[in-house]
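Those protein sequences? They're chains A and B, same order as listed. The first sequence: position 451 = 451 (our numbering), numbered continuously. The second sequence: position 260 = 260 (our numbering), numbered continuously.
Because the hints were derived from the structure by calculation, they are not lab data. Every residue, glycine too, gets a C-beta built ideally from N, C-alpha and C. Each hint should be verified, as a subset may be incorrect.
As the list claims (entries may be wrong) - Incomplete in silico selection of chain B near chain A, CB under 10 Å:
id, residue
1, Leu-147
2, Ala-168
3, Ala-176
4, His-177
5, Ser-178
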Amino acid sequence: MTELDAAAGAGADETGPPLIAMHGITKIFGSLVANDHIDLAIRAGEIHALLGENGAGKSTLVKILYGLLEPTQGEIRWRGEPVRLAGPQEARALGIGMVFQHFSLFENLTVAENIAAAMPPDLSLAEVAAKARDVSGQYGLSVDLDRPVWTLSAGERQRIEIIRCLLQDPRLIVLDEPTSVLTPQEADRLFVTLERLAASGCAILYISHRLEEVRRLCSSATILRAGRVVATIDPRAVSAREIAGLMVGAALHDVVAGRAAAEGTPRLLVRGLSLAPEKAHGQALRDIDLVVRAGEVLGIAGVAGNGQGELFAALSGERLAAAPDVVTIDGKPVGHLGVTERRRLGAAFVPEERLGHGAVPDHRLAENTLLSRHGTGGLVSRGFVLADATRALATRIIETFDVRKEGADPRARTLSGGNLQKFVVGREILREPGVLVVNQPTWGVDAGAAALIRQALVDLARSGSAVLVISQDLDELFEIADRIAVIHAGELSAPEATGDLTRETVGLLMAGAAAPKGTVHAH
Amino acid sequence: MSIVEAILLTIVTASTPLLIAALGELVTERAGVLNLGVEGMMAMGAACGFAGAILFDSTLLGVLCGILAGGLTAALFAFAVLGLAANQVASGLALTIFGLGLSGLIGAPFIGARRDPITHLHIPGLSDLPLVGRLFFGQDAFVYASLLLCLGVGWFLFHTRKGLLLRAVGENQTSAHSLGLPVLRVRFVAILFGGACAGLAGAYLSLVYTRFWSPGMTSGRGWIAVALVVFAAWRPGWTFFGAYLFGAATVLQLHAQAAAIGIPSQALSALPYLATIVALVVLSLGRRRDTGAPGSLGAPFVPDR
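Whole structure, please, built from the sequences with the hints as guidance.
In structure tokens form, the structure reads like this:
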């Protein structure tokens, strides 16, 4: 492309029909209306945001756009012409590319093989590799083509997805939550690439719930709520708070954090915790030290897959430490004790995965209360389950934490992500544990539920408990944590008071920049 | 012919059906489908292959009947696990029982019939070399075919785009589908290939190995083939090694039993299984963390629309 062409293509093209227009798209799954008469139009060269809570229908709409789902009703027009997308091949043939949120990569194949898997079958692997090298050079997306994907970081994986997408010379690229797994610096590099693409005339549909990003990058935004379009706005002209209000349909409350009382007694203590990875492609933990004091929330930031799951397993007792005194709860060495024994000492744990780890999907809520509470009193007598007590407890959790559900005692899998998370977190918090360890407390949870959960965590800490929050969401940690440490490649940085930190410094640590020496705090 | 040469030749004959069946199962599993019905498909191949050879009086047509029978039985399995997304383990077990039963019915009229030995390769000079002449240059066509098949499967899987497609589908069906790869079609072809191989292996048993048919003559070889694939970490080269090791141990322990060396015969009969497991476990010790299992192995695939 010549410079003249690039200049002509810069910015959105305001004339003629839009590149793609979706009219009255409706998608019904059983009794659920996931998309309800959605209209969406994107012009060439435009970066258009698609916003909405979890469950608002974004993913469904995008899958329809990429041919993975068929709309129950409605029409898609490409450059003004009606089209029917029967599969991803047809979407790609038109020039629609997709970068998935949960990458559509093959872990045990090499980067080149992963790229080839999406290319026309008449190209040899060597030809594909040559083309990939061209594109990665052109857009500054460096990757090693011969490495197997499981050895790569999330940022590198995303680059593969983008290269794969660009190789098809797309006219429209859809990115689903592209920055959720990136460090702030990696995200900045992504934005540069996207702006370059848009300047060359490519349209971009950008799905995110990070409003500051959207306001920085996008020139228009469509907001979905409960499957309907509630507004189409220029995000640069509206505040993030107003946008959030449109997404949720109500004004949001800020978390009242307050400050931790200075220097509570240490309640959770970890000294020199090292752990070999348990499964293939796992992360080892290296010599982790941490202290969580009464009254405070300690946040652990980090890009997914840097040892958060392993750290949680070691703290909860799912994996045992090398020696008893590696982990101490309220002064008692517990490194050799299992989950139930640690719970009996006043600790509580909320794992990352709600379904299958935090709750049994096909069990009812009352049965699920028993799962983590059977050892800590009141629910079991002489080996028999006290059914009334479990039901009463479930009801109390449901009422206290505003868990919305259908039926009196539904199965866990029928709850929405946010409501199940409120239940799982509530189940532990209602016990008023002395130590609470929670991994990704609001992952994939809508803003209303997230605010409620965060407030509950802060309140628990202020009542004298020690709360450890492992999270990928920096905004969340800056909102509720008193101190923040960063986990990278299985090593934990020294925690710093949140007030002394900026997103940039945390971002650098998340990307693996060594912690500056001599940052010991004397206050 | 020396006793050593005779033993070596029987080892090849014992190993060939295992290798063929295991290669078929390897391809099926690499596409993400666990077919535990190899034993049943082999039994069908043995019965139909033998029946075809007698009826048409042609070994070649018999072999084709065996391949066809294995493929058709596999198609039944494919219908259940792909079309109806049925549980693969249960369907595979059912297929074994079905295959063993139906093959008994088909083979019954042919009990007592015999086939003549099939021709072996003969290259004047080379085939007459002492010890190795018959071993390398005097085998039947099946043996050479099985070796070519082993090389071919390895080449296909790791050096062709179609092979990449098959591995991708087996590695992660969700990713493959979202890229628009035809998951079900690839799996269907892989299952048919596995069935055809099992049928060929069965036909080899009844037409070459014993040259007669008897009920239950596969006697667990299909299961060995399934196990070999796992122990060989889904690699064609290692599968070759495993099949020949098992074949060798089987033949040698028979000779040991005949020589009455003072070890209980039951222990000797167990030896091939033990030796294969030990050897392949030792082989895979270096990569304990990564078994090489295809990521989507055994998972039913139902795309939503």
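(message) Let me make sure I understand: some of the numbered hints might not hold for this structure. Which ones are they, in numerical order?
(response) Number 1 only.
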